[in-house]
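Colleague: Here are the chains, one letter per residue:
Protein chains: 2
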Amino acid sequence: MKGSQKPELDMEKTARFLGLSVSRLERLLEKRLLSRNWGKYTNFFRFETSVSGIERGSVLLQKRDGKLDLILGFPKIQRAMLLEPSINNHFSEIDKLIVEEKMNGYNVRVIEDAGKLIAFTRSGHVCPYSTEKVNYLLDLSFFRQYQDLVVHGEMAGPENPYVSKKVYDTQTLDFFVFDIRHKKTGQPLPVKQRRKLASSFGFKQVPFLGEFARKEAAEKIMQIIKKLGEMGHEGVVIKDLDMDLAPIKYTCSQSNCADLEHAFKFYNEVGRDYLYSRVVREGFQTVEWDEDEETMDKRALRLGRSIISPMADSVRRVGKGEKLYDEVTLRFQNPQTLQEFEEYFRRLGIDAIFDQVGYSGGELMVKLQKLNQSTTDKTESMWEGNLW
Amino acid sequence: MKGSQKPELDMEKTARFLGLSVSRLERLLEKRLLSRNWGKYTNFFRFETSVSGIERGSVLLQKRDGKLDLILGFPKIQRAMLLEPSINNHFSEIDKLIVEEKMNGYNVRVIEDAGKLIAFTRSGHVCPYSTEKVNYLLDLSFFRQYQDLVVHGEMAGPENPYVSKKVYDTQTLDFFVFDIRHKKTGQPLPVKQRRKLASSFGFKQVPFLGEFARKEAAEKIMQIIKKLGEMGHEGVVIKDLDMDLAPIKYTCSQSNCADLEHAFKFYNEVGRDYLYSRVVREGFQTVEWDEDEETMDKRALRLGRSIISPMADSVRRVGKGEKLYDEVTLRFQNPQTLQEFEEYFRRLGIDAIFDQVGYSGGELMVKLQKLNQSTTDKTESMWEGNLW
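Just so you know, the protein sequences line up as chains A and B, in that order.
The numbering of the first sequence is full-length UniProt numbering, which starts it at 1 and goes up by one.
The numbering of the second sequence is full-length UniProt numbering, which starts it at 1 and goes up by one.
Okay, chain A solo, but in the shape it has when bound:
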């Protein structure tokens, strides 16, 4: 694997750049906790664990001229369970808050390297599909002008290999900026400056939902959340204008339930924590919103259905001899990207079938089936009369 085309890291220089000892750096590489990317992008190294202030998902980049760069991982946004106390506690020192929409797609970081844009997933992988997209969705001149900035965005829409949603204003897949940060420090731009800058380069952004006095924010956000919920949208992120305080998130019950509904199609693969965390949110929301019995029953029915109904459907399907899978349509400008994306899924261990179904507007249309063999097998086994 140590091919000659892969530039060797200068260990002393890299260790100094990262603020680590050489021996620590060597150990990280040896244990693949700092892991070199494959394929075209062997000059990227992914942090598979958090290391002395560099969080998991951060990417070390060795540029052509030998210079190093670090693209910090996107920090996890903490969740409010009870909106009003959380806002008053977390933002106690500021008076005005901005609310932006939290869109439901996948989180990517975009930088420029050697004249091309590169899209990293949350874990720090280069996603070939996302990378192709951002190269025609985003204006390269921004990145040339602001070499030190990383653009953070949600890739959302139906043609989405990870989280396919039809509720947004795109028929395909689009990139919505929600943050712009400095590379090595992770320092974010203030919200309004970021929105203005992104807008001036024609970038789409997550919707701006309002600027509220802290005292009225919880009430306003409750109204917003109810509307977003009805539309099948996910929720909001509440931000300090200056971005000195970390933002916090809050989501709609309908979105929790939609998550569960999707997950329980493949009930044998549902993370136990994934289920638990979503049901717990319902209990807090119903209390804070002081719901009467009828409203709480609507919530209970929605929650119960979101678990039972997709699962029952899957059990029935397998009973009829079908296999369970998720299907989305993707489109590729370059057939080479499809090849790279297939290889990417193989490397990640995702069991998938790619089926080229034709061309549309010069783009290659591909049906992607993500197979869920584990749930299919478990269900077959139950139909055969095996015990749980």
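It cannot be assumed that every hint is accurate.
A pair counts as met if it fits within one copy or between any two copies, since identical chains are not told apart.
[To be verified] Here are the simulated EDC-like pairs of lysine to aspartate or glutamate, each with C-alpha atoms no more than 20 Å apart in a straight line:
id, residue 1, residue 2
1, K226, E216
2, K265, E291
3, K323, D313
4, K265, D292
5, K367, E342
6, K320, E84
7, K265, D290
8, K196, D148
9, K192, E12
10, K265, E293
11, K320, D148
FYI, nobody ran anything at the bench for these hints, they're computed from the structure.
Fit chain B to the supplied structure of chain A, relying on the hints for placement.
Modeller: What follows is chain B alone, placed relative to chain A:
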């Protein structure tokens, strides 16, 4: 801890008796995987892990005369997810099945030692409360006559420190035999022989719900389960008359939901697997029973309520400054037993308050509050505006 009153184990003899090497036995004792009981019962040793065919929860007993005995752990009963295929597959070689009720209490094993009955919990601990009970609920002469037999029963009823249920035919706590097995082999008596024997000594038993041809069993059991569910009972155990094949269990949706309803009062302590396993059962049952939309919605509402409603109640209580706990009334014949039981809870790390509230019929009445500090603390923290 190696007090002189504790009889030392003869290592060679014990190893031979258990079919282990002396060095293995020494290691098990050293790592406390074979763990000596405390208090009055230092002649019992509990297997904290499964060892060469001796399952976790088994108890090694050193009798006064130095002889050894082994009370095997009660084997886990596997669960049917789809009743009809499971019955046909698991019991394929036999034509007739017996269905007994699975009662919802806690599982104890009873033996006689030195003239007294001893009740072991599933994990192999001597429970002082259960031990006192069985000494007046069960006829000692049975155990004198059948030294080689272990009586397995469910202790069920409202005055239950572990699982308090008011749905059974007892105002206090009673012992219902569901199995009688040979000590060292674990070999069970055939169902009818066991029922006859237990009855001849006046033991209460789990209800006998019928003897069915295998082909009709699934349909009959579905009817039984629906009735038991309406009564708030737990479910059934399906058995081979000869007990050559292992029994299997099947439970009511209402019982799954009652479990969740109790658990979600203390939402922060709910095992993730506990939640997951219960919701998954609902998906299979609705498919096998071929429910229409309305019936499935009833199920979904029941499931959703069982999670949201107790949790919302707890969040509200803590919001009002209350602490969360579970409360049951227990009664003790001997104040010494109460002391031992308090010590027992302390040793198990259960945070509880025992409050003597008076006498009734010569028995000491005690209110037991099991505190759930973790959920109380977490909820307080949310009300204070901390993030999840």
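Colleague: Confirm or reject each hint.
Modeller: Verification of the hints:
| no. | hint | in the structure |
| --- | --- | --- |
| 1 | K226 with E216 | within (16 Å within a copy, 50 Å between copies) |
| 2 | K265 with E291 | between (30 Å within a copy, 18 Å between copies) |
| 3 | K323 with D313 | within (12 Å within a copy, 41 Å between copies) |
| 4 | K265 with D292 | between (31 Å within a copy, 19 Å between copies) |
| 5 | K367 with E342 | within (12 Å within a copy, 64 Å between copies) |
| 6 | K320 with E84 | between (49 Å within a copy, 16 Å between copies) |
| 7 | K265 with D290 | between (32 Å within a copy, 18 Å between copies) |
| 8 | K196 with D148 | within (18 Å within a copy, 84 Å between copies) |
| 9 | K192 with E12 | neither (40 Å within a copy, 79 Å between copies) |
| 10 | K265 with E293 | between (29 Å within a copy, 18 Å between copies) |
| 11 | K320 with D148 | neither (56 Å within a copy, 50 Å between copies) |
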